[in-house]
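Chains as they are written, first to last, in our numbering: chain A, 1 to 116; chain B, 117 to 229.
Simulated from the structure, these hints should not be mistaken for laboratory data.
A couple of the hints might just be wrong.
Taking lysine to any residue and the SDA-like style, the derived pairs with C-alpha atoms no more than 20 Å apart in a straight line are [said to hold, decoys possible]:
| id | chain 1 | residue 1 | chain 2 | residue 2 |
| --- | --- | --- | --- | --- |
| 1 | B | Lys221 | A | Ser5 |
| 2 | B | Lys221 | B | Gln170 |
| 3 | B | Lys158 | A | Ala54 |
Just a sample of chain B residues kept apart from chain A, beta carbon distances all over 12 Å, derived [unchecked claim]:
| id | residue |
| --- | --- |
| 4 | Leu127 |
| 5 | Val129 |
| 6 | Glu133 |
| 7 | Leu135 |
| 8 | Arg228 |
The beta carbon of each residue, even a glycine, is placed where N, CA and C say it ideally should be.
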Amino acid sequence: GAGVSQSPSNKVTEKGKDVELRCDPISGHTALYWYRQSLGQGLEFLIYFQGNSAPDKSGLPSDRFSAERTGGSVSTLTIQRTQQEDSAVYLCASSPTTTLTTETQYFGPGTRLLVL
Amino acid sequence: KQEVTQIPAALSVPEGENLVLNCSFTDSAIYNLQWFRQDPGKGLTSLLLIQSSQREQTSGRLNASLDKSSGRSTLYIAASQPGDSATYLCAVNRAGANSKLTFGKGITLSVRP
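Produce the entire structure from the sequences given, and follow the hints as far as they go.
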């Protein structure tokens, strides 16, 4: 079946511009995660959605970062007034995890963001 | 704060060799530990997931062990092949379900034909 998809696959933007990154999780997965992978920093957690619960935003690096998940499915990560240090690969993952169990996360191919 | 360490950062071995990739974590209060594989320009693929109550998991030529009390996990790859060349990441899920993963920086493995 279809895996996690992300768009665009690559994004080049100018410093100060806003960008939106999209994630389509695996159908039926209740949990959705955003991570950022930077050179030298490894993979860092950004935000987590679980069903209708309030999202865990503890990993967002600044208030320029925000994310939404509409209808419990598609998610959009928005970065406002982009800075060069925002350049990274943004990975989305989904999981059938519920409040009672935890299972592996399935990752999308990522969006490579370059801020000039 | 949980920290996950993977050393060395890179490893090169000849084809056919058995090898061990190491992962250590600072907080033993974990829910589970996962090993992922990442190919260049691609997302992550889950290889093995070990629950905190388990000692090891096996899949084909891969075997992952977990020693929670000492904060260590190993990924054993038997009879390595050039197709095993990739970056291997270890990640821990802190105590309690539905938690974010804390990743190590990965070990980039190159298997020479």
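Hint check results:
Taken as a hint, the lysine 221 of chain B and serine 5 of chain A pair is broken in the structure, with Cα atoms around 24 Å apart against an allowance of 20 Å. Of the pairs offered as hints, the one joining lysine 221 of chain B and glutamine 170 of chain B is violated, with about 24 Å between alpha carbons and a cut-off of 20 Å exceeded. At roughly 30 Å between alpha-carbon atoms, lysine 158 of chain B and alanine 54 of chain A are farther apart than 20 Å, so this suggested pair is violated. The Cβ of leucine 127 of chain B sits about 17 Å from the closest Cβ of chain A, beyond the 12 Å cut-off, so the non-interface label holds.
A cut-off of 12 Å between C-beta atoms confirms that valine 129 of chain B is not in contact with chain A; the least separation is 23 Å. The Cβ of glutamate 133 of chain B sits about 26 Å from the closest Cβ of chain A, beyond the 12 Å cut-off, so the non-interface label holds. The Cβ of leucine 135 of chain B sits about 21 Å from the closest Cβ of chain A, beyond the 12 Å cut-off, so the non-interface label holds. At the 12 Å boundary, the C-beta of arginine 228 of chain B stays outside the reach of chain A, the nearest C-beta of that chain being 25 Å off.
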